[in-house]
Every structure is written in C-alpha cells, then in structure tokens.
Amino acid sequence: MTEPVWGPVHQDIVGLLADHPADVPAVVDHLTKLQDLLVRLPPLEESCPLADFNKLYLVITSTVLDGLYDDRFTDPAFLARLDVEFAARYFDALRFWTDSHPSTPKAWSCLFQRMRGPDARPLPSAAAGVNAHINYDLPFALVTTFDSLDSEPVDGSDQHRDYLEINKIFAERIPELRRGYLDHWQLMIDMVNGDIDDWYQGELVEYTRNVAWRNAQKIWRCRHDPDARECERMRLDDNAALLGRLLLSPLGAFLQ
Amino acid sequence: MASDVDTAPLVGRADTMAALRSALLDDVAPGQTAAVFLSGESGVGKTRLLAEAVERLRDAGALVLTGTCLDIGDASPLHPLRQALRRLDADLTEARTSSAVRGLLQVFDEETPGPDGAGALLERVSRGLHLVAGGRPLVLVLDDLQWVDRSTRQLLLYLLAGLGDLQLSVLAAIRAESLQGAHPLRRVLTELRRLRSVRVVDLAPLDRAGTDELAAAIVGTPLPPEAADQLWQRSGGNPFVVEELARDLRDGHDGLSDTLREVFLARVDALPQPAHAVVHAVAAGVEPVEHWLLAQVVRLPEDQLIEAVREAVAHRLLVGADDGYRLRHRLVAEVLAHELLPAERAALHRRYAEALTSATAELHQARLAHHWRLAGEPARALPAAMAAAREAERLHGYAEAHRHWSAALTLATTPPAVLPDGGRPEPVEADRAELLTHAAESAHHCGEHARALALLEELAADPAGPPTCALHIRRARYLAAAGRSAPAEAEYRRVLAAEDCTPRERATAAARLAELLLHLGRYAEAGDQAREALRLAADVEGTASEVVLASSALGFSEAYLEDPDAGLAVMREALDIAERSGRPEDVACAYLHLAELLTGPLNILEEGVVVARRGAERVAELGLGRTWETRLLAIATNGLFRVGQWAEAEKVVAAALRHRPSGADAVELLLARCRLSVGYGDVEASDRDLEAVATVLAGGGARHVLPMLILRAGLAMWQGRHDLARQAVQRGLTESRSDDVIVLATLAWHGLRAEAEASASRTVEVDQNAVRRLREVVDRVAAKSGKAGAPVRYVADGFLALCAAELSRLDDGRGDPELWARAAVEWDRRNHPYPAAYSRLRQAEALLGRRSRLATAGKLLRQAHGTAQALGALPLSEEIRTLAGRARVALDEVPAAARPAPRPRAAAPAAPTVDELVVLTAREREVLAAVAEGLTNREIGQRLFISERTIGVHVSHIFDKLQVRTRVQASAIFLRNNAD
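These protein sequence lines are chains F and B, in that order.
Position one of the first sequence corresponds to residue 1 (full-length UniProt numbering), numbered consecutively onward.
Position one of the second sequence corresponds to residue 1 (full-length UniProt numbering), numbered consecutively onward.
Think of the hints as simulated: they come from the structure by calculation, not from any bench.
A hint or two may mislead.
Said to hold, decoys possible - Just so you have them, the derived chain B footprint on chain F, three or more residues with Cβ under 8 Å:
1) 64-74
2) 96-105
3) 134-144
4) 151-163
5) 229-235
As the list claims (entries may be wrong) - Facing chain F, from chain B, some residues (calculated, C-beta under 7 Å):
6) 186
7) 291
8) 731
9) 738
10) 739
Cβ coordinates follow ideal geometry from the N, Cα and C atoms, glycine included.
Isolated chain F (complex conformation):
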C-alpha cells in the first residue's frame, strides 16, 4: 500500500472531513482543528504551504463570524450561507485530494502537491490558496447560495453590498498579515481579485475587484444548462490553476 495522503495525521483529517459544517461557527471550528493538524504534517510541518493558506482563511472567516454577531451585515442569512458554501468547496477539494480523486480541482491540486515539498514561501502559498478559493470556488458558492435563498446576484443589492464588505475585511486584516508575511499583500490581493486574471484573458474590464461576482452572474445565467455550466467550471478551473502555478513558481517568490 502506498503511504496515506496525509501521512501520520491521515485518520484525523479523514475524520474531520467526514463532518460537513452547517453554520459559520462550525466552519471556524473546522478550520481551527484543520490548522492544528496541518502544522503537524511532515516533512514541512510548521511551514506547510496549505497551513499558510488555512491560517489566513481562518483569520478572515473568524472576522466574518464576528461581523455576523456584531450586526455588521445587512443580510446575515445570505452571508452566513455564502460563508458555509464557500468553505464547503475547500473541504470538498480536500476530500477529493484525500481520495486521490481525479476530480480534485486543478486550481487546488497545484497547491496540495506542494505539501510534500519543496518548501514554498508562506506568502505565495497563501496567495495560491486564496487564488483557488476566490477565482474558482467563490463564483460557484455564490450561485449555490443565491439558488438556495431564492434570490439572485443583482448589482447594488443588499447582498452585493455585504459581499463587498468582505473586501474590507481583507483590507483590515492585511496590516496584521503583513507583519506575518510581507508588504506585497495588497499586490497579491489585487492580482487574485482580477488584474492578472483579466490581463491574461486579454479582457479590459471596468473594475477588477469583482471578478468572482461577475463570474457568478455569468454562471447564474446558464445554471440550468449542464453543458454550459460545466464548460464555465472548466474555464475557471483552468484559469485559476494557471495563476496558481504562476504564484507557486519561482516568479511567485518575488512576492516574498
């Protein structure tokens, strides 16, 4: 038998992933437990590239949770659902990877592959995770959320404003993260939110922070058409994977 995917913490991670968190407090709890496991993963342990992403994601999600408790959002039902759906896709990718399943999104596998080394710098690793999560997972999480709430992605709606509020959370958290990582955070956020994506698609867009939202609107329109939906999914996966590999390449190291 080959060695289990998650080495010595395999059973723990499989056990953790068997559960599907249903609300934001449970998502935070899940990410916390996952973090404890990831940093024990040989050979890189503390510098596990996935742990770098997971830590960042945990910080952001905890801030979202506080925001939900503190009446920060207009439509908490929407944002809470989105947060759960969003996280579910990350956990799905981890499950696929655990089973060495061919359906593991390419956007994620490029980061997962790096867990065995060579050592990657924390910033590009976290950035690659953010890239996969925002550029690939987020549009679908948005579509599923709207679908389940009998609502629609409409610009300027309460939901849209709440969604943009998350950008502020990123911005608020960046000074802290900077101390942990580096000054190029803003650049990274800009990149994963659109600039590079748009740049290599050769499209000129009016705004760059809203790529995932616009992709969600695009998928929304074709969500009943399995072929078109699958086509869109593959496009996003390929794009995100391309960018992910770029971030994890020596070129990405300049960020550090």
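Fit chain B to the supplied structure of chain F, relying on the hints for placement.
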C-alpha cells in the same frame, strides 16, 4: 460471442448491497420514509448496483418503481416518475395494481393549470402512489439524478418529508462529477445528509483485490501478475473500465488498450455497416429509442434490423430493454460524436422528427422540438417547443416551461439551415410579443426574476407589445417578487401617475403599493395609500380583491399605529364586501388577514382563533380547503398554543395536515405541531417533525430556518443537551437580520436559558464568550424594539423580561426573584400561560435559593404546576415536581396511579443503602450502562441490535423510573450504584 453479453459478477459491493437493503427496507419503520443517494464517478457501477438492488428489493416484497432522468435539458416535469409508472404498467400482471397505475398516469394526463395546482398535484400523486403500493413498501429508484427536473426534485422532498403520508424509500444515483460547481442538487444533498433517515453513499472504485477478482471472473482465470498490475494501473479500479479492458485481454486483442476510448473505437470500427447505422441512430435519439422508431430512422427491413441490433449488442455498444435501446455507456456517445459529419447527424434528426410527427410517443413535443432544431428546421421546431412549454405549464413545471419558451424565442430568430437538396426550409413565423410574454411570465413563476425583467424590457421595446400601463404593473410585480422594493414602488407610482391607465389598474396599483409599504414597515404611508386604493376601488365594479388587499394593509397599519379598533373595523368591513361581491379567494383572503391581525399585532388571541376556525369552515364550503383552510388552521393552531389550549391545538393541526399540504404551508404546520411536541416533551415526535421541516427546507425556504432552530434549541434543553441548544442559537444569531427583533429576542432568551441551565446542572461549561454575545444581542434588541411598532415592542418586551431574569441566574447562580416575578406578570398580561408558568418555577427556585418567603415559593410552584399539568407540559411539570420535592412542597397533585411515587432524593448524596437500579429491567440496565458511557441512542441501538426508536422508549422509561430528566442525571445514578 453471445457470452459477451453476459453481465460480469458484482464484485466488492456486498456490504453496500446489504446496507442498501437495510436502509431502504428492513430498518424503515411503518409509515416512515428513507432515502439513499449513491454518488460516484461514471463507470463506478451505480446503474449496475441499482439494477441489483431493484431485484433484491422486489424479492423482499417491495413494490419498486424505476425511472431515469434525462439529459436533453428540455425534458418534461415529473418525467422520471411517469416513465417509472409506464415501465411498471408494462410489467404488471395483477389487475388491481395495474388499474391503480393507469389511474395515476391519467392524473398527469388530466392535470389542468390552477392556482394551487402544484401542491394539489403533489397530493394527488401521493394518493395515487398509495393505491399503487397497495400496502407494500414502496421504493422509488431513480438513475442519473443529476439531470432531475425541478418538479421531480420537489416531489421527492415532499414525499421524503412524510407529507404525502406514504411509506416510501428512495434510492437514487448521481454522477459525482456533476455535483461540482453549482449544481442545484449539491445543496439539497448537503442538507439531506444531516438527516437520520437519509444516507449519502459515496461509491468508491474497487480496491486491488476487487479489481483482480472482477478481471479473473471475466477472463476465466486469474490474470498473470504483470497483466494484473497493468490493468490496475489503467483502470484505477473503475469496474466499467476493468470489465472492458479484461474482455479485450480475454479476447486476445493485442496488448491492453490505453484508454476505454480506444476500446470502443476499435469496436465501432469492427461493426458491419447496418449495425454501424443502428448505433449512430441510437446515439442521435433520445433514450430509450423504441424499436418502431429505430426501424423508421434506419430504414432497414425487419430481419436485417434485428440482426444489426444483435451485432451492436454483442459488441457491447448497445443495450436493449423492453422500452427500447440505449447506448451501453456515455463514453460510447462521446466516441461516436466525432464520427459523423454534421450533415449526416442533421439527416438522422430529420428522420427522427418525421417519424415522431406521424406517431405519438413519450415526451412527444419535447422530442419533436429537439430533433427539428438539430435537423436545422427552426420553423418546424418552434410549434413543438411552444407545445412542450404549454405541456410543462399544465403540470406546473414553470422552470421547464421557461426553458421551452426561451428555446422557442431563440428558434424564432434562428435562420433556417440549407436543406440537403439545396432548397430552403420554410421561414419561421412567430408572434414574438406572445413568446416574450410567455417567457417572462414563466420566468417570474419559477423565480428567475432578473430574466423575467430582462424579457419584459424586450417586450416593452416590441411595437406589438402590451400598453405601457400593463407593463408598469407587471414590472412592479416582478420587482416586488425579486425583493427589489424601491424600484417596485417607483413602478406602482408610475401607474398611479399615468394618464392612460384605467381606474381599475390604478386601484390595483394603489392596493399593491399599500401592501408593499406595509412590508417595508412604512405604516403611515401604507395607511394613506390603502385609503387611496379604497377610494379608487369604490367607483369600480369587481374590485373586491383590491378592497380586501387594501383593507388588510390599512388594518395592519392602524394596528401598528396604535388605533387597533379602527383597523379591525376596516378588516371586518372588507370581509363583508368579499362575502357580498368577491370571488371565493377574496373571502378566504379576508378571513386570513383578519385572523392574522387578531392573533398577530392585536394579540386578541381567543377571538383570532374563533375567526380562523370559522374562516376555515367557510373556505372549505367554498372549495378552497387545500390551500386556504390549511393556512387558516395554522393560524388557529398557533393561537391555541399560545393561549394554552394545547389539546385543541393538536386536533386542529392534525386536521390541517390531512390536506397533505406542501411547501411553506406544510412547514408552518409541521413547526406548529413540533412546538406542541416540544412542550409535551415528546422527543421522538419533535425530532420527526424537525427532520421533515429540514427535508422540505432543503429545497429552499430560508425564512423558516430560524423558527426551526429555535425549536431545536428548546428541544435540546429538555434533553439536557445544552451544548446542542447553544449551537442552534449561535447559528440562529449568525443568520438573522438585525431588524428581526422578535426572532433575535427569542433566540437570546433560548441562548441565555441554555447557559443558565448548563451552569445550574453542570452538564456543560458555561461559554462566557457566548454569554457576552448574548448580552450584546439583548442590548441591541432593547434599543431596536424601542423604535419598532407597538405590537413588535410588546412581544419583544416579554422576551427581554425573560432574558433579564436568566441573566440574573447566570450572575449569582440563584437568580433574582423580582425579575422572574416581572417576567411572569409580562406573560400573564399577554395571555400566554406557558412562559408564565416557567417564570413562576424560576421565581420559586430563586426564592428557595435565598431561603426567603418559602410560603410564596410554595404557592408559585403549585400555581405553575397547575398550569403545566393543564397544558400537558410534561418536562416543565417534572422540573416543577423535582424542585417541589427538593423543597418538600406539596403540590396537591392527584396522586397519579401510573407514576411511581417520587422517591425522596437526599440533598447530600449519601452512599445508597439500596440499589436504586432495582426498579429497572435487565434490558433497561444495559441501555443505561451505555447511556452512562455517553453513547447516543443510535450508537446504543447499533450496539444492542435494536432500533434507535426502541432505545428512545427504554431511555424514557429509565428516566421515569429513576425520576430524572437528563441523561447526565441518569448516568450519575448508574455510576453511583456501580461505584464498586
């Protein structure tokens, strides 16, 4: 060659098969439902497993219905079920079942569009299935669920929630790849997999041993190690791939093909010409392709056709069944897709279309539209698409109808292709405005609001479109449905200002606008607008609907603005008008609003209940029982619960559920019944209703999530599971809007009560972080309710009083009797005995804790006990009795013969001189031992090989005999008696 068609043995699935059988049949209690969803990648053997399961379930005496969902994106509503019934009909020999099946099929044929059509159809379908089942367990098996239509999805959830009152199991297979991205089933499955009655089985590929076993079975001998290695590498354990590669090996094809694609390409190439044609024809058709249809498409003489089909089957490219032919696997279709020239494919579609034109078949119009479109003849596809859309609307499948209307719109602008003979087909003639109208309306009905609005804009630009005023009204309607209130308001105002609008249109707009403003909490404006609507409607005949709508807006706005009498008078007047000159729906609507007004903001509960019940009788006379009677009875139930007439409430809710309601109406009733069960302390019934609610909500309906969470927290507290109560409250707090003051106040009380009781019973640690957050919520609710309308403030204040009192319990561990007294007064004033009795219990507890005014405490306990007994609130009664026992307060209870006399439990637990467990049976001791280990009922059931239900019964007996309320208390007694 013939042996090739034999199926390979089913390898490595014995455990799954056994699990399927027990989950779908053996473990399903009478009257209950269950479901297993099998997900797995293509080729992993889902269909094969389904077929095997069908055999075994049939052998075990179940009536099995099997259907397959279709991928032609424009299928018809409920197609898989109708297909399953037709298949069953073809197989049947018993006359009784056969007539039931035909009766149900006829239901679909005779369905007509109507106001509550979708719900009524669900009810008729479940009645029909009941007759078909004829007392046998019914299993519905669906393959390719990833392509399920929306109507079938809703039907499944309805039946699984038990609303159809049918013992049913569902077994469905889903291709795992499809669930990635944004598939609508993804979320449904995430929600369902949490339920006890549902299992999601991820079917994994075979392991190495299974792969070897399967290959050996096909080849006839075990493979040499090298070949076995290679096969394992290439197949990854996917049984379909293993099977095909192993066959190639056995048949001595040189070397192992690298991919399945190559395997199939080689087989297609090896086919003789007629068989080749047959395979291509089936690939272009909609499966299953009937024999007669295939004959017309390939145009071979009968004996040659049969020979060709046999060849294709022998080469494992095609499979035949009674209802027609299918490709053996999707991979075959992919291989074939690149083999035909576009002109060849178009010709095949043309032949299909021509053949179907002259004969009726399943999915007739949808298939015609599909084939004519792909044959490059939009003009002939268009009428078929329109007919398919109307057919879908007839079955209330607005999502499918919308797709057909959209397809029709596209067809109307598609230039026809050049025919093979060089001629042009007839040009498309279509009434674009008509198509746009239908497309927009169906989009509106299926919740595609943005699309509906976009279509309406196209319609507005169309010169043949409707007049501006009608457009404004429709736009406003669509916008309001999309929750976009501001632009909706603007549209209504445009109607009111427009010159060309009729007085009737203006009255409609004014009434709807008043309703919208009311929902926005702009009560004064809503009142003004409602008055304006009533004035406009006064001069116009046949505006009873508008009058009812406007009167209700006026009634509610007055109630909120603290002139309840005026509001009530308006609403009563509206009921009179509706009775005199309105349609039956207007009467029903007037009763509903009047009852809501009384039981809601005015809090005149008894009268509200009377009105709701009288209304229910009246609407039943008017033939509107299913929808309106159900809603009115839901209001009556909730009112009766609050005034403390629980037994009556139980009767009413049972009567309402006999209508087998669906959707939001069903959820309301299930929640109402669950509220009663939680009060009664009936854990099993509460759980069942909460599961049913969660099942329905998996299909949408976010606004009912919060009441469900509140009930979950309430139930968990009676079970001593304060951690679960905390979780439910936390989820509720993170998902409720800050302007939803009553919900927040209710949640805060449940959360604080859970923490206070956790602290008192020491079941779990108090979560200080949670307490801090709950305090913040309380402050926020207090601030917001000060600004809210009086009726909202009235309810919120009651909960805030409870919150303050619970907080005092957390602060000093004993609670402030003054605060509890105040809470009791608040709830007495609201005529709501249940929380009042609870408050008295706590007040007594606080007094006793301070050892002051013991006589008062005794009086309070007796009073609370009287109320709790009258309600039938068992857990509350028991808690009161426990406290009274500790304080040696006599409750002048009629000594209940059924109940063992409460054993005095020493305050300081001395070493027991007698075995306290002597009252338990051997089995109960076993169960208690497991409880003390911390196992759940399910786990205990698994350990002792009895059902979870039975464990629940044992546990409640144990609780009764030991005079305890929680598992922790029971465990403590167990451990005390087994210390040595």
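Hints that the structure is at odds with (numbers, increasing) = Of the numbered hints, 7 and 10 do not hold.
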